[in-house]
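Novice: Sequences listed follow chains G and S, in order.
For the record, in the first sequence the residue sitting at position 227 is 227 according to the numbering used here, with numbers rising by one throughout.
For the record, in the second sequence the residue sitting at position 138 is 138 according to the numbering used here, with numbers rising by one throughout.
Hints are supplied without guarantee of correctness; some may be wrong.
As the list claims (entries may be wrong) - Pulled a few chain S residues facing chain G out of the computed Cβ check, cut under 7 angstroms: (1) Val11; (2) Phe38; (3) Gly39; (4) Tyr48; (5) Glu55; (6) Trp70; (7) Arg155; (8) Gly227.
Hints were generated in silico from the structure; no laboratory data involved.
Beta carbons are placed, not taken as given, at the ideal position from N, Cα and C, and that holds for glycine.
This is what each chain is made of:
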Amino acid sequence: MSTAVAEVPVQSQVHYLNANYGIKSWLFTTDHKRIALLYLGSITLMFFIGGAAAVLMRLHLIEPAGALVQPETYNKLFTMHGVVMLFFFLVPSIPATLGNFLVPMMIGARDLAFPRLNLLSWYVYITGAAFTLYALISGGVDTGWTFYTPLSSHYVTTHVIATAMGVFITGFSSILTGLNFIVTIHKMRAPGLTWKRMQLFLWSIYATSVIFVLATPVIAIALFLLVLERIFHVGIFDPAIGGDPVLFQHLFWFYSHPAVYIMILPGMGVVSELVTCFSRKKPFGYIFIAYSSLAIAMISFFVWGHHMFVSGQSVYAGFIFSALSFAVAIPSAIKVFNWTATLYKGSISYDAPMLYALGFIGLFTMGGLTGLFLASMATDIHLHDTYFVIAHFHYIMVGGAVMAYLGGIHYWWPKITGRLYHDGWARFAAFVIFIGFNLTFFPQYMLGYLGMPRRYAVYPAEFQVLNVMSSAGASILGVGYLIPFVYLLWSIRYGPIAGSNPWQSTGLEWKTPSPPPTENFEVPPVITGEPYGYAEPEHARV
Amino acid sequence: MAQWPNLRPEVASVHAERMDHLFFFLTGVTLFFTFLIFGAIFYFMIKYRRRSETERPPATRDSRILEITWIVIPSLICIVLFFWGARLFFAAFNPPQGAMEIFVVGKQWMWHLQHPEGPREINQLHVPVDVPIVLTMTSEDVIHGFFLPEFRIKRDVVPGRYLSEWFQATKTGTYHLFCTQYCGALHSGMRGTLEVMSPTEYAEWLRDNATAESMTQMGRQLFTRLGCDTCHLADGSGTGPALEGRFGKPVTLASGESRVVDESFVRQAILDPGSLPLPNYRPVMPTFRGQVNEEQILQLIAYIKSLGSSERSQTP
Numbered sequence: 001m002s003t004a005v006a007e008v009p010v011q012s013q014v015h016y017l018n019a020n021y022g023i024k025s026w027l028f029t030t031d032h033k034r035i036a037l038l039y040l041g042s043i044t045l046m047f048f049i050g051g052a053a054a055v056l057m058r059l060h061l062i063e064p065a066g067a068l069v070q071p072e073t074y075n076k077l078f079t080m081h082g083v084v085m086l087f088f089f090l091v092p093s094i095p096a097t098l099g100n101f102l103v104p105m106m107i108g109a110r111d112l113a114f115p116r117l118n119l120l121s122w123y124v125y126i127t128g129a130a131f132t133l134y135a136l137i138s139g140g141v142d143t144g145w146t147f148y149t150p151l152s153s154h155y156v157t158t159h160v161i162a163t164a165m166g167v168f169i170t171g172f173s174s175i176l177t178g179l180n181f182i183v184t185i186h187k188m189r190a191p192g193l194t195w196k197r198m199q200l201f202l203w204s205i206y207a208t209s210v211i212f213v214l215a216t217p218v219i220a221i222a223l224f225l226l227v228l229e230r231i232f233h234v235g236i237f238d239p240a241i242g243g244d245p246v247l248f249q250h251l252f253w254f255y256s257h258p259a260v261y262i263m264i265l266p267g268m269g270v271v272s273e274l275v276t277c278f279s280r281k282k283p284f285g286y287i288f289i290a291y292s293s294l295a296i297a298m299i300s301f302f303v304w305g306h307h308m309f310v311s312g313q314s315v316y317a318g319f320i321f322s323a324l325s326f327a328v329a330i331p332s333a334i335k336v337f338n339w340t341a342t343l344y345k346g347s348i349s350y351d352a353p354m355l356y357a358l359g360f361i362g363l364f365t366m367g368g369l370t371g372l373f374l375a376s377m378a379t380d381i382h383l384h385d386t387y388f389v390i391a392h393f394h395y396i397m398v399g400g401a402v403m404a405y406l407g408g409i410h411y412w413w414p415k416i417t418g419r420l421y422h423d424g425w426a427r428f429a430a431f432v433i434f435i436g437f438n439l440t441f442f443p444q445y446m447l448g449y450l451g452m453p454r455r456y457a458v459y460p461a462e463f464q465v466l467n468v469m470s471s472a473g474a475s476i477l478g479v480g481y482l483i484p485f486v487y488l489l490w491s492i493r494y495g496p497i498a499g500s501n502p503w504q505s506t507g508l509e510w511k512t513p514s515p516p517p518t519e520n521f522e523v524p525p526v527i528t529g530e531p532y533g534y535a536e537p538e539h540a541r542v
Numbered sequence: 001m002a003q004w005p006n007l008r009p010e011v012a013s014v015h016a017e018r019m020d021h022l023f024f025f026l027t028g029v030t031l032f033f034t035f036l037i038f039g040a041i042f043y044f045m046i047k048y049r050r051r052s053e054t055e056r057p058p059a060t061r062d063s064r065i066l067e068i069t070w071i072v073i074p075s076l077i078c079i080v081l082f083f084w085g086a087r088l089f090f091a092a093f094n095p096p097q098g099a100m101e102i103f104v105v106g107k108q109w110m111w112h113l114q115h116p117e118g119p120r121e122i123n124q125l126h127v128p129v130d131v132p133i134v135l136t137m138t139s140e141d142v143i144h145g146f147f148l149p150e151f152r153i154k155r156d157v158v159p160g161r162y163l164s165e166w167f168q169a170t171k172t173g174t175y176h177l178f179c180t181q182y183c184g185a186l187h188s189g190m191r192g193t194l195e196v197m198s199p200t201e202y203a204e205w206l207r208d209n210a211t212a213e214s215m216t217q218m219g220r221q222l223f224t225r226l227g228c229d230t231c232h233l234a235d236g237s238g239t240g241p242a243l244e245g246r247f248g249k250p251v252t253l254a255s256g257e258s259r260v261v262d263e264s265f266v267r268q269a270i271l272d273p274g275s276l277p278l279p280n281y282r283p284v285m286p287t288f289r290g291q292v293n294e295e296q297i298l299q300l301i302a303y304i305k306s307l308g309s310s311e312r313s314q315t316p
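Assemble the whole structure, with the sequences as input and the hints as a guide.
Specialist: This is how it looks when you write it as structure tokens:
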């Protein structure tokens with residue numbers, strides 16, 4: 001092992017970034033690594049747009065009567081925040097960037113099964129984003145990201161159609177990406193790479209892809225019907241013309257609950273990679289972590305009704321959805337316990353990616369456990385549509401998915417760019433984000449229990465102290481997100497050369513130079529061992 | 001200036017107390033596992049921190065027993081939580097017999113409330129303490145949500161159908177009423193108060209706000225004014241069926257389908273009579289859509305309900 005450490009890191013001469021130049025070489029590329037970077041740039045832009053809306057909202061809520069904008073504008077802000085963050089950042093975040101970059105490398109392939117389809121998916125995403133940004137610029141939309149009918153189909157006068165079209169279109173990019181991953185993982189694994197030798201990130205991406213392909217068409221249907229009713233007054237959801245408003249909620253959540261797992265499953269995959277690498281241990285209970293991803297993907301299709309306990313849905317349907325919602329908690333718990341057990345007797349380093357991963361485990365645990373309050377029907381009556389729900393899903397989506405995303409970006413950054421970033425700043429940023437996050441969202445649990453409803457532009461004065469705490473936290477969190485943006489960009493030019501495997505990981509993606517050549521591996525790899533042979537000398541896998 | 005908030009919202013009913021017990025149990029479970037996981041992470045981070053770059057810890061053997069343990073224990077906790085939550089939910093939405101009925105109509109962006117005795121209120125509801133109150137709720141436009149945080153009770157208010165929730169206050173006072181389902185521009189302004197009064201105060205309030213007629217009487221006037229009584233004759237000899245004694249009973253439609261005559265059925269019969277053809281009656285009733293608003297429909301329902309208890313001629 002000592003030889004590997006003494007080795008002087010060198011950068012490969014020709015790699016995917018300098019293989020050719022010019023804007024065309026990027027816009028017409030079929031290289032999965034370049035497409036991953038196209039996605040990275042686009043979703044980062046969307047993240048800061050959605051984040052700006054959140055900052056304005058938190059500023060506004062410092063005063064009970066509202067400090068900044070009119071209620072109508074506030075409603076547009078939270079709608080845009082939700083739509084942009086969910087459909088244009090969280091859903092594509094890990095799959096379309098890290099997934100695109102890593103899936104072929106982790107299975108030892110040259111590219112995805114359908115490289116041109118992959119490029120098309122990015123153009124579809126950009127088209128969808130353009131529709132949504134048009135809606136934003138031309139005056140916004142105020143339905144909430146959930147588009148509940150008949151409010152959205154009849155009563156609001158804002159840009160519902162453009163926004164819905166944006167979400168509708170971008171759904172197809174999810175489907176294309178999912179399809180590509182499924183085929184690639186089935187058909188293009190390197191010789192010797194059996195299913196049980198796959199890295200856990202691949203398992204989670206595979207489970208995510210199944211949801212992409214099966215669930216996304218349903219949101220497309222729901223939004224299509226919504227537009228049909230809004231333009232042609234076909235009575236589908238509006239009871240005044242013979243529709244059923246609750247039907248929309250069924251269709252919407254049939255996608256949008258599995259979509260929650262689209263956002264968190266890839267994060268779980270990232271964390272499985274990080275925890276093993278930075279504790280130098282094989283994952284405790286590999287097969288349990290792998291199969292729990294599939295279990296989550298399956299059960300996630302049958303829990304949508306837990307969003308509707310108080311909507312007038314039959315009490316007996318509620319019982320079933322409640323029971324299944326508790327059931328989906330179990331595979332998530334399995335993962336948390338196994339990650340924690342992986343640390344036991346490891347060799348744990350405190351590199352920045354590991355700080356994000358450990359932050360993820362803790363915050364996801366809290367987010368998951370507070371989900372039980374909402375799966376339990378009686379407590380959901382009180383907490384439904386309050387800030388408790390907001391706090392719960394931000395612990396999952398931000399404390400979980402975004403933490404994992406940032407951890408993954410920091411972990412694979414040397415592979416993607418060939419450069420190392422400043423470790424001290426990176427650890428500092430992780431710490432700031434963790435503190436800012438908890439200060440923002442923990443008070444929201446308390447607000448929810450006290451009864452503050454969500455989507456309120458003005459609120460009773462007794463809720464002010466907790467709201468001010470939350471807004472203070474949001475300003476820290478906002479700064480926390482800007483720091484990595486700065487030092488990561490800086491590292492592209494000035495960072496030290498990383499070498500092919502700076503973390504001494506056993507992952508297949510580290511067995512090739514950084515940045516990788518266009519064809520990923522100079523010699524197609526043959527797999528002869530387990531994926532996480534940290535205990536074996538010289539990682540005798542390839 | 002802002003004051004430090006309470007950590008627990010006020011408890012104004014027995015249900016709220018019971019809901020809180022489950023909430024506290026859940027909080028305990030959450031704290032236990034959060035500290036367990038955070039504790040384990042911090043302990044391992046320190047105890048097994050990397051001491052040298054060349055360190056290669058041996059692999060730990062997987063443990064089937066551990067896996068089973070941490071599947072079975074959370075599952076058992078979840079089973080307890082499920083039954084506890086489901087039982088309480090069932091009780092929360094099943095009002096006791098003889099509860100006092102208040103009618104709620106939500107519309108952008110206010111609450112219209114009407115007492116059976118006739119008084120109407122906007123964004124304010126006066127009720128007596130220690131009496132079970134059932135709210136029959138519908139919406140004039142979009143979906144709203146009727147939330148009483150001190151009573152831990154909430155339900156959506158959906159256009160086109162009637163949903164109900166109930167509560168029984170255990171102490172007098174002024175409590176919050178929030179709309180919780182986002183309903184458009186002034187959603188956060190759709191708030192009100194619930195005034196829980198002693199029975200004597202409530203009787204006084206009713207007297208001071210008395211209207212000429214009760215809801216039932218308003219309904220009867222409408223029944224006459226809209227010409228319903230032309231066909232729906234009490235002795236069953238009219239073009240339409242007699243409505244006496246019908247409410248709450250099953251009825252068989254021409255299609256053979258059996259329905260219970262409840263609030264939603266009556267509403268549908270008024271607005272879309274063609275969808276409810278009865279055997280032995282010609283489908284000649286016109287729709288009254290656009291001629292009655294949600295509050296008037298509720299008055300008609302109150303009237304038809306009152307016919308149910310009358311001892312007059314019963315048509316089988």
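Novice: Are the hints correct? Go through all of them and say.
Specialist: Hint check results:
Taken as an interface hint, Val11 (chain S) does not check out: its beta carbon lies about 11 angstroms from the nearest beta carbon of chain G, beyond 7 angstroms. With a cut of 7 angstroms, the hint placing Phe38 (chain S) at the interface with chain G holds, because the nearest CB-to-CB distance is about 5 angstroms. Among the interface hints, the one on Gly39 (chain S) is violated; its C-beta lies about 10 angstroms from the nearest C-beta in chain G, farther than the 7 angstroms criterion. The interface hint given for Tyr48 (chain S) is met, as the beta carbon of that residue sits about 5 angstroms from the closest beta carbon of chain G, less than 7 angstroms.
Contact between Glu55 (chain S) and chain G, as hinted, is supported at the beta carbon level, the nearest pair being about 4 angstroms apart and thus within 7 angstroms. Taking 7 angstroms as the C-beta cut-off, the interface hint given for Trp70 (chain S) holds, the closest approach to chain G being about 4 angstroms. The closest approach between the C-beta of Arg155 (chain S) and any C-beta of chain G is roughly 5 angstroms, which is under the 7 angstroms cut-off, so the hint is satisfied. A hinted interface residue such as Gly227 (chain S) counts as satisfied when its beta carbon comes closer than 7 angstroms to some beta carbon of chain G; here the least separation is about 24 angstroms, so the hint is violated.
The structure shown violates the earlier hints numbered 1, 3 and 8.
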